[in-house]
Amino acid sequence: MQADTTSGPDASADDARSADIQLRLELKNREWKILRRLNREAEENCASAKPSEADRFARHFANVTERVTAARAAVRDLTKQKSAVAQTCAGFVDFDEAVGHFIETIKRGDRAAASDALDRLSVSPRFLEERLRPILDAAKTAGRLDLLFTLFANAAPRTLSRFSIVATAAVMGIEIERRREALALLEVAQRRSDTQPIRFGTMDMLSQLARLDQELAERLSLLKYNGIRMKTESDIFLAAKALADRIDLDPLLLDFLFEHRRSRSLPREAWEERIRIAFCVGQLIWDRPRSASPAGRVLRYGNLVSEADRKEAFAGIDRTNGVLLATVHGGTTPLNRVLFQEEFEEHVIVANSTTASTQISVKNNLDGGLFQTLRAMSRGKSVLIAPDGAHGTRNYFGEVLGRSIRTAAGAAFLAYESRCYCAWYYTVPTGDRFLPVVVTAPKPDKQESFESFAERWLSFYWAEFENLLTGDPDGICLIGRYWAVLSYWDR
Amino acid sequence: MISDEEMRKEVREIIVDILELDDGSKLTEATTASDVKGWDSLHHVRIMLALERKFGFQWDDEEVTDLKNVGDLYTAIHGKISAKT
Numbered sequence: 001m002q003a004d005t006t007s008g009p010d011a012s013a014d015d016a017r018s019a020d021i022q023l024r025l026e027l028k029n030r031e032w033k034i035l036r037r038l039n040r041e042a043e044e045n046c047a048s049a050k051p052s053e054a055d056r057f058a059r060h061f062a063n064v065t066e067r068v069t070a071a072r073a074a075v076r077d078l079t080k081q082k083s084a085v086a087q088t089c090a091g092f093v094d095f096d097e098a099v100g101h102f103i104e105t106i107k108r109g110d111r112a113a114a115s116d117a118l119d120r121l122s123v124s125p126r127f128l129e130e131r132l133r134p135i136l137d138a139a140k141t142a143g144r145l146d147l148l149f150t151l152f153a154n155a156a157p158r159t160l161s162r163f164s165i166v167a168t169a170a171v172m173g174i175e176i177e178r179r180r181e182a183l184a185l186l187e188v189a190q191r192r193s194d195t196q197p198i199r200f201g202t203m204d205m206l207s208q209l210a211r212l213d214q215e216l217a218e219r220l221s222l223l224k225y226n227g228i229r230m231k232t233e234s235d236i237f238l239a240a241k242a243l244a245d246r247i248d249l250d251p252l253l254l255d256f257l258f259e260h261r262r263s264r265s266l267p268r269e270a271w272e273e274r275i276r277i278a279f280c281v282g283q284l285i286w287d288r289p290r291s292a293s294p295a296g297r298v299l300r301y302g303n304l305v306s307e308a309d310r311k312e313a314f315a316g317i318d319r320t321n322g323v324l325l326a327t328v329h330g331g332t333t334p335l336n337r338v339l340f341q342e343e344f345e346e347h348v349i350v351a352n353s354t355t356a357s358t359q360i361s362v363k364n365n366l367d368g369g370l371f372q373t374l375r376a377m378s379r380g381k382s383v384l385i386a387p388d389g390a391h392g393t394r395n396y397f398g399e400v401l402g403r404s405i406r407t408a409a410g411a412a413f414l415a416y417e418s419r420c421y422c423a424w425y426y427t428v429p430t431g432d433r434f435l436p437v438v439v440t441a442p443k444p445d446k447q448e449s450f451e452s453f454a455e456r457w458l459s460f461y462w463a464e465f466e467n468l469l470t471g472d473p474d475g476i477c478l479i480g481r482y483w484a485v486l487s488y489w490d491r
Numbered sequence: 492m493i494s495d496e497e498m499r500k501e502v503r504e505i506i507v508d509i510l511e512l513d514d515g516s517k518l519t520e521a522t523t524a525s526d527v528k529g530w531d532s533l534h535h536v537r538i539m540l541a542l543e544r545k546f547g548f549q550w551d552d553e554e555v556t557d558l559k560n561v562g563d564l565y566t567a568i569h570g571k572i573s574a575k576t
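Chains as they are written, first to last, in our numbering: chain A, 1 to 491; chain B, 492 to 576.
No lab work stands behind these hints: they were computed from the structure.
From a predicted model like this one, the values you see are computed outputs, not experimental measurements.
Do not take every clue at face value.
Unchecked claim - Straight-line distance between alpha carbons at most 27 Å, and here's what the computed DSSO-like set of lysine-lysine pairs gives:
(1) K50/A with K571/B
(2) K50/A with K528/B
(3) K575/B with K528/B
(4) K545/B with K381/A
(5) K559/B with K446/A
(6) K500/B with K50/A
(7) K528/B with K363/A
(8) K517/B with K50/A
(9) K363/A with K559/B
(10) K559/B with K517/B
(11) K545/B with K443/A
(12) K381/A with K446/A
(13) K575/B with K50/A
Claimed, not checked - If we take Cβ atoms under 10 Å as the criterion, some of the chain B residues that face chain A in the derived model are:
(14) I505
(15) E511
(16) S525
(17) G529
(18) D531
(19) S532
(20) L540
(21) E553
(22) V555
(23) K559
For each residue, glycine too, the CB sits at the ideal point set by N, CA and C.
Let the hints inform the model, and build the full structure from the sequences given.
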């Protein structure tokens, strides 16, 4: 017999259960839709694959097909569960449908309807993590950015409980020259956060905003890290602990990672708490919030890596013919870079943009970027690259925890062509310090084809990543993309 | 010095080999990378490196990205070979 879920002492528990099911349903539905598209692409690629690609494409197609079926079944199951719980809880909405409706009201310039639509939309648990890009794009195209900003500036307080929304609105306000109102909106959100800390999600790092507007970035930093104070770098773990209950992570991915953990000693709650702390460590490393440090000093975390650990990690590297270190876009990426730069005087870093002469950009210039990197290697420079990025060919796939992931083969290509020493490299938080890890990668055999080597090299790379994901939760310190990557990463 | 016709033949053979094409007859001067299935960034760099090795010169960084089509490639290689001799 089902409990009466519309009132009484169990109502709040039912509300929470209903919210949880709703969020899972929305996320799973999104995953299913993306996988369907991927499956169509994979089928087309299979049909037109070159002989040397045929096996790879076929394996990927089979893997995606299996995941589409599983996602569909999960959507059906969650839909049934949703029907079984209270329908009166908190007015949940279908996120995609609600976004579509909101965009329509914006396009029409119907302020009252748009205001209602925004209010409804902000109830959706998924609104927390979305970057609102489709809404912004639609408003820009329709010439309605002013209206959109006005809606945010006058939104109900609950809408300002989410960092992504406040940040998006503030950036928009400044871009359309309504700075005063944008700063006023931030003040409202700041006051609210004194009693109810703002919630943030997997994509809410400040690093991009600082480039846009320093003052805005600092105010957003104050908002995000309200009440957080660190005296020294070593306080990062305590600060992360204090932040841990302010973040929202994808519950489906948490389920997935928990299921695949290697050590079974921790119960779910304790395991998840440590993942949350690790996640916040990553946010603090990326954001380096001045507002949380003494006298606005920018904290750097290199001193949390001991000399002995550093020496041990880099000792096994053969520097005779150059070095290629392959890392992932993780929570400790800035720290990885610093350690790498300190260890290898002559170096280049393959990045999305070029803010220093030692960086080579592959964004929008893959051919040139790869070529320049190879040239730099031939001149004796060591290279740091994160080949899990969204760039590259469509022809290679990695497998992580049984999920086939389209992946770039640029790093494998560099390793193959240069024949240099190559390794997996990452810096792992261990709960009270950071530990650099270097694992030697395979080298190409004398007569080995590139195709064969790329498969072998990528298998190694993703196996190391899988090792990280299934290991100690303190070390699962990843940035936003990885909270989605295993579900529906396609590029 | 290699003739222009020989150079073009060698270039087509390298492209056919790396991209696993049936033959090079469809590679005209107007052909761009996007016209050929599989001619992505990685393969582009592999082709450029193979051409360096074959003809014994080095590309400048910009040249690798400035080429618009196969005709540009022929012209650039011709220039490189001429400069060498």
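Here is how each hint holds up against the structure:
1. Taken as a hint, the K50/A and K571/B pair is broken in the structure, with Cα atoms around 32 Å apart against an allowance of 27 Å.
2. Between K50/A and K528/B the CA atoms are separated by roughly 9 Å; this keeps the pair inside 27 Å, and the hint holds.
3. Under the criterion of a C-alpha separation no larger than 27 Å, the hint pairing K575/B with K528/B is inconsistent with the structure, at around 33 Å.
4. With a C-alpha separation of about 25 Å, the suggested pairing of K545/B with K381/A holds against the 27 Å cut-off.
5. Our distance criterion of 27 Å between C-alpha atoms is broken by K559/B and K446/A, whose separation comes to about 34 Å.
6. Among the hinted pairs, K500/B with K50/A is consistent with the structure: their alpha-carbon atoms are about 22 Å apart, no more than 27 Å.
7. Taking the CA atoms of K528/B and K363/A, the gap is about 22 Å. The hint holds against a cut of 27 Å.
8. A hinted pair counts as satisfied when its Cα atoms are at most 27 Å apart, and K517/B with K50/A qualifies at roughly 17 Å.
9. Straight-line distance between C-alpha atoms of K363/A and K559/B comes to about 19 Å, which keeps the hinted pair within the 27 Å bound.
10. Straight-line distance between C-alpha atoms of K559/B and K517/B comes to about 17 Å, which keeps the hinted pair within the 27 Å bound.
11. A hinted pair counts as satisfied when its Cα atoms are at most 27 Å apart, and K545/B with K443/A qualifies at roughly 25 Å.
12. Between K381/A and K446/A the alpha-carbon distance is near 23 Å, which keeps this suggested pair within the 27 Å criterion.
13. Taken as a hint, the K575/B and K50/A pair is broken in the structure, with Cα atoms around 36 Å apart against an allowance of 27 Å.
14. For I505/B, the shortest C-beta to C-beta distance to chain A is roughly 14 Å, which exceeds 10 Å, and the interface hint is violated.
15. Hint status for E511/B: holds, given a least beta-carbon distance of 5 Å to chain A, under 10 Å.
16. A distance limit of 10 Å between C-beta atoms decides the matter here; for S525/B the minimum to chain A is near 12 Å, and the interface restraint is violated.
17. Given hint, G529/B at the interface with chain A, holds; its Cβ is 6 Å from that chain's nearest Cβ, closer than 10 Å.
18. Evaluation of the D531/B hint against chain A yields a held restraint, the C-beta minimum of about 4 Å falling below 10 Å.
19. The beta carbon of S532/B is positioned within 10 Å of a beta carbon in chain A (closest approach about 4 Å), and the interface hint is therefore held.
20. Hint status for L540/B: holds, given a least beta-carbon distance of 7 Å to chain A, under 10 Å.
21. For E553/B, the suggested interface contact is upheld, since its CB lies about 7 Å from the closest CB of chain A, less than 10 Å.
22. Given hint, V555/B at the interface with chain A, holds; its Cβ is 5 Å from that chain's nearest Cβ, closer than 10 Å.
23. The criterion of a C-beta within 10 Å of any C-beta in chain A is not met by K559/B, whose closest approach is roughly 12 Å, and the hint is violated.
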